[in-house]
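Residue numbers (this note's numbering), protein chains in the order written: chain B, 186 to 589; chain U, 52 to 247.
There's no promise every hint is true.
[What the hints assert, rightly or not] Residues of chain B placed beyond 12 angstroms of chain U at every Cβ, according to the derived structure:
1) K199
2) A218
3) F245
4) G306
5) D408
6) L419
7) D464
8) L473
9) F553
10) T558
[As the list claims (entries may be wrong)] Each pair of labels, with its calculated beta carbon distance range:
11) U/I124 <-> B/L325: 53 to 61 angstroms
12) B/L325 <-> U/K212: 39 to 47 angstroms
13) U/K147 <-> B/V331: 21 to 29 angstroms
14) U/S86 <-> B/G560: 56 to 64 angstroms
15) U/S86 <-> B/H577: 28 to 36 angstroms
16) B/E580 <-> U/V223: 58 to 66 angstroms
17) U/S86 <-> B/G578: 48 to 56 angstroms
Quick caveat, the hints were computed from the structure, so don't treat them as lab data.
Given the structure is predicted, the values throughout are model-derived calculations rather than measurements.
For each residue, glycine too, the CB sits at the ideal point set by N, CA and C.
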Amino acid sequence: MTPGLAFFYGGMVKAKSVVSMMMLSFGSLGLIAVLWVLYGYAISFSNGGSDTFIGIDGWFGIDTSFLGLTAQVEDAAAPAGAFPSMAFVAFQATFAIITVALISGAIADRAKFGAWMIFAGVWATVVYFPVANWVFNFTLEDGKVVDGGWIVYGLGVIDFAGGTAVHINAGAAGLALAIVLGKRFGFSKGITQPHNVPLTLLGVALLWFGWFGFNAGSELAADGIAAIAFINTLAAPAAAMLGWIIIEKFKHGKATSIGAGSGAIAGLVAVTPACASLDPVFAILLGLVAGALCALAVDLKFSFGFDDSLDVVGIHLVGGIVGTLWIGIFGNGVGAAFGHGWHQFAMQALGAGAVLVYSFVLALIIGFVIEKTIGFRVKAQDEIAGIDTVVHGEEAYAFGADRG
Amino acid sequence: MVHQNTTMFLIICSAMVLFMTPGLAFFYGGLVRASSVVSMMMMSFGSLALIGVMWVVFGYAMSFGGAGSGNFIGIDGVFGIDLNKLFLADVIAQAKAGDGFNLAFAGFQGTFAIITVALISGAIADRAKFGSWMIFGALWAIVVYFPVAGWIFNFTVTDGKITDGGWLVYNVGVMDFAGGTVVEIASGARSGSCGW
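Okay, chain U solo, but in the shape it has when bound (with noise of 0.2 angstroms):
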C-alpha cells in the first residue's frame, strides 16, 4: 500500500481543519448580540454545506488545474478549470486503484475553502441575510477563492524546487506555507470591502 502514513496524517488533518468551520461559529457568535447569534453561526454552516458541495463539484477542478494535462481549459497558473478534475475524477480513479494520498490531499484543500469564505462572515454580523450571503459565498468561492487558491497552493516539487504551478507561488516565489495570502489575506480584504 502506497502513501499509508501520509494519507492517514491528512484524514485526520482535515477533520481538524473541517472543525474549525464550526469553531468559528462559536467564535464569532459569542461576540455578536444575543438576538443574532444564529444568524452568525448559520453563515459559517451554510459555507460549510456550500462550498462543501462546490469543492467537491469544481472546485478543486478550479483550484488544482494544471495546463499539461490535456483537459485544461483557461490560462495556466492564472484561471480555469481541469475537465479531468470535476467532480474528483482523477483522484477518485487513484483511490480506487489503491493509492488514496491525492484525494485525502483535495479533502484536506476542501477545508481550506469552506473555512475562507466562513471567516468573510465575521464582517457583516447582525445586519445580512442569509440567502444573499449564500448567493455571494458561492459567487465569491468561484470568482476568488478558487482561482487565488491555485495561485498559491497548486504547484509542482521537483528536488525540492517549484517547477510549475499558480502564478504568485511560481512565478513571484511567494511562501505561503498554509494560506497567508490565499485563507487570511483574501477573506480579510474582501471583507474589508464588505464592511466598508
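Pulled out of the complex, with its shape left as it was, chain B reads as follows (with noise of 0.2 angstroms):
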C-alpha cells in the first residue's frame, strides 16, 4: 500500500516534484521498518505485566525483551499462540510505515527530504509507536478486551483496523505539517491541478488491493469476522466514490477521476475502523456518507488557508472520524441506531478526540523545531524551480534530455 500511496500522491503534484513526492514514502517505508524492527514494536505492544516492561502500562512503555524483536525470534521456534507473534509483528509493520507515509500528503512540492527523514523519525517514535499501543494492543479473553491501552481497554473504543491510530492520528499531523510549512507559492484552487491522473488511479487500484489485507487481515483469522471486514471493505469505497462524484456533479457539474479515486479513499479510510461492526447496508450508508462529507471538506483548506496539499485532512482526518464515530451509531451491538444508548458513540469521540490533539500538538512541535533548527521548507526559489532536480538531482520525465 505504501508504494500504492506513492503513486497516489504522485500523480497529483505537478510534473517537477513528483520524485520529492514518492520519495517521502518510499522513505517512511525505509526508516520506519527499520525503527519498527529496532524498537518500535517494543514500545507499541508492550505489556504492564512482564517483568521487563519499562514504563506505565497502557500509556507509554517499551518492553527491552521485544528490542530487536528478541523475545519474538525465540516465540518463532516454537509459537506459543495461533499463529507466531512474529507474524504478527510484520503486519503492524506495514501500518506503521503507511501511517507516517500518509502524513507527507499535507507537504507536497516544499518539503526537504532530510527534514522529512527526522520529522518520520521522531513522530514515529513519540506518537505512532504510544498511539498504537493505545488502540492496538489489547487481550483478548472469551471475546471480551480484559487489558491493554488506555484507549481500547480503558474507554472501550472499537477501532478495528485503525480509525484512529492511522487515520485520524496521520491526518491531525498532516494538518500541523501544513500549518508549520505554510502554504506554497500561488495556492489557490488551481494548484490542485494533478500532472498525472493515470498515475494517481494506478495509486488508487494498489491501495484498494493492499486494504484487503489490512482490514480483513486485522482479525487474524480466515473466519465469519475477517469475511465480514473483507465485504464491507469492497462495499463502503465503492459506495463513497458516488457519493463523491455525486457532490461533484452537483458543485462543479463534472464527475473527475481524482474524485472517484480520492472517493474510493475516503471510504476505505471510513470503512477502516468500522469494518468489522457493520452490516452491508451500513457500510454502504458509511460509504455515501464519508464519500459525500470528505468531498466537501477537501475545501475547507481554501476557506481556512491551510494548504494541506494533498487532502490528508479532507480524506484521512475526516473520513477517520467520521467512520469511528460511525460505530457508536450503526455499530453491531453497540450502536445508538440499535438501542444501545449513547454511551459508546460517546467513547468513540473521547479515543477519537485523544489521538487528534496528541499527534496535532506533538507534531506542531516537532515540525517547529526542525523548521527553526535545519529548516523543513525549501528556498522559495527551489520551490518555484521546482524540487525534484534541487532535492534529489532527478527529473521524472527527462523528455528530449541529452543523454549520451
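Fit chain to chain and form the complex, with the hints in mind.
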C-alpha cells in the first residue's frame, strides 16, 4: 500500500516534484521498517505485566525483551499462540509505515527530504508507537478485552483496523505540518491540478487491493468476521466513490476521476475502524456519507487557508472521524440506532479526540523545531523551479534530455 | 473454525479479481488517444463504484436466489430474486455465526459482476457520456448480468453432480468454470450491439 500511496500522491503533484513526493513515501518505508524492528514493536506492544517492561502500563512504555525482536525470534521456533508473534510483528509494521507516509500528502512540493526523514523518525517514536499501543495492544478473553492500551481497554473504543491510530493520527499530523510549512507559492484552487491522472488511479487501485489485507487481515484469522470486514471493504469504498462524484457533479458540474479515486480512498478510510462492526447496508451508507462529506471537506483548506496539499485532512482526518463515530451509531451490538444508548458514541468521540489532539500538538512541536533549526521548507526559488532536481538531482520525466 | 482455508483463499482471490478492473482501465486507457484516457478509465472506475454497491444491495440476491428457499420471487433457474439475500443478509448471518465462506464467495462473485460491466466500455471509447454509461451499466447489470450469472454460476453440487441450479448450468448442462459465457460472451455480445 505504501508504494501505492506514493503513486496516488505522486500523480497529484506537479511534474517537477513527483520524485520528491514519491520519495517521502519510500523514505518512510525505509526508515520506519527499521525503527519498527529495532524498537517500535517493543513500544507499541509492550505490556505492564512483564518483568522487562519499563513505563506506565497502557500509556507509554517499552518492553526491553522485545528490542530487536529478541523475544519474537525465540517464539518463532515454537509459537506459544495461534500463530507466530513474528507474523503479527510484520503485519503491524506495515501499519506504522503507511501511517507515517500518509502525512506527507500535506507537505507536497516544498519539503526537504532530510527534514522529513527526521520528522518521520521522531513522530513515529513519540506519537505513532505509543498511540498504536493505546489502540491496537489488548488481550482478549472469551471475546472481551481484559487488558490493554488506555483507549481500547480503558475507554472501550472499537477501532478494528486503525481509524484513530492510523487515519486520525496521520490526518492531525498532516494538518500540523501544513501549518508549519505554510502555503505553497500561488496557493489557490488551480494549484491542485494533477500532473498525471492515471498515476493517481494506479495508486488508488494498489491501495484498495492492499486494503483488503489491512482490514480483513486485522481479524488475524480467516473466519466470519474477516469475511465481514472484507465485504465492507468492497462495499463502502464503492459507495463513497459514488458519494464523492455526485457531490462533484452538483458543485462543479463534472465528475472527475481524481474525485472518484479520492472518494474510494475516503470510503476505505472510513470503513477501516468500522469494517468488522457493520452490516453491509450501514457500510454502504457510511461510504456514501464519508464520500460526500470528504468531497465537501477538501475545500476547507481554501476557506481556512492551510495548504494541506493533497487532502490528508479532508480525506484521512475527516474520513477517520466519520468512520470511528459511525460505530457508535450503527455498530452491531453497541450502536445508538439499535437501542444501546450513546455511551459507545461518546467513547468513540473521546478516543478520536484524544488521538487528534495528541498527534496534532506533538507534530506541531516537532515540525516547528525542525523548521527553526535545519529548516523544513526548501528555498523559495527552489520551490518555484521544482524541487526534484534540487533535492534529489533527478527528473521524473526527462523528455528530450540529451543523455549520451 | 469452519472453512478457514477456503475462506482465506476466496478473500485473497477476490482482492486479485477486483484489482483486474483498474487493470482493465489501464489496458483500455492506454489504447485510446491521449485526450480521452480519463473518460476511458472512468468507465471502469464507474463500474467499480456502481456495480460494487448494487451487487451488495440486490445483485447477489438476483444471481444466487433459489426457488427452494421460500423467500424467492420469480421463475426458478431463469429470473428471480431471493428476498432473504438482500444486503447479503443470509451469508452475513452465517459469517456472524463463525463461517465466512459463503460471504467471501458473495464478495468474490461481486468482483465478477464489476469487471463484466467494465469490459463492455471498450466498445464505446472516445465518444460516450459518463452519466449515460452509468445508467446503462446499472440497467444492463439488472436485466442481463445478474440473471445470466444465475443461469451459469448458481448451482448445487451433490456427490460431484449438479442437482439443481440455473437453466444453462443445470438443465442444459453447460460447463463454464469461471465465466466464459456469462462474463466474456455476454459482455462481448453487448459490446457488439453497442458498437453497431
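Structure-based check of all given hints:
1. K199: holds (18 angstroms)
2. A218: Per Cβ check, B/A218 is outside 12 angstroms of chain U; nearest 23 angstroms; holds.
3. F245: holds (36 angstroms)
4. G306: holds (32 angstroms)
5. D408: violated (5 angstroms)
6. L419: Contrary to the label, B/L419 does not stay out of reach of chain U, its closest Cβ about 5 angstroms off (not over 12 angstroms).
7. D464: violated (6 angstroms)
8. L473: Label violated. Min Cβ-Cβ 9 angstroms, cutoff 12 angstroms.
9. F553: The claim holds: B/F553 sits with its nearest Cβ about 40 angstroms from chain U, beyond 12 angstroms.
10. T558: At about 43 angstroms from chain U, B/T558 clears the 12 angstroms cut-off, so the statement holds.
11. U/I124 <-> B/L325: 53 to 61 angstroms: Since U/I124 and B/L325 have Cβ atoms about 43 angstroms apart, the given range 53 to 61 angstroms is violated.
12. B/L325 <-> U/K212: 39 to 47 angstroms: With a Cβ separation near 44 angstroms, B/L325 and U/K212 satisfy 39 to 47 angstroms, so the hint holds.
13. U/K147 <-> B/V331: 21 to 29 angstroms: holds (22 angstroms)
14. U/S86 <-> B/G560: 56 to 64 angstroms: violated (42 angstroms)
15. U/S86 <-> B/H577: 28 to 36 angstroms: 31 angstroms Cβ-Cβ, so the 28 to 36 angstroms window holds.
16. B/E580 <-> U/V223: 58 to 66 angstroms: Because 60 angstroms falls inside the window, the suggested range holds.
17. U/S86 <-> B/G578: 48 to 56 angstroms: violated (33 angstroms)
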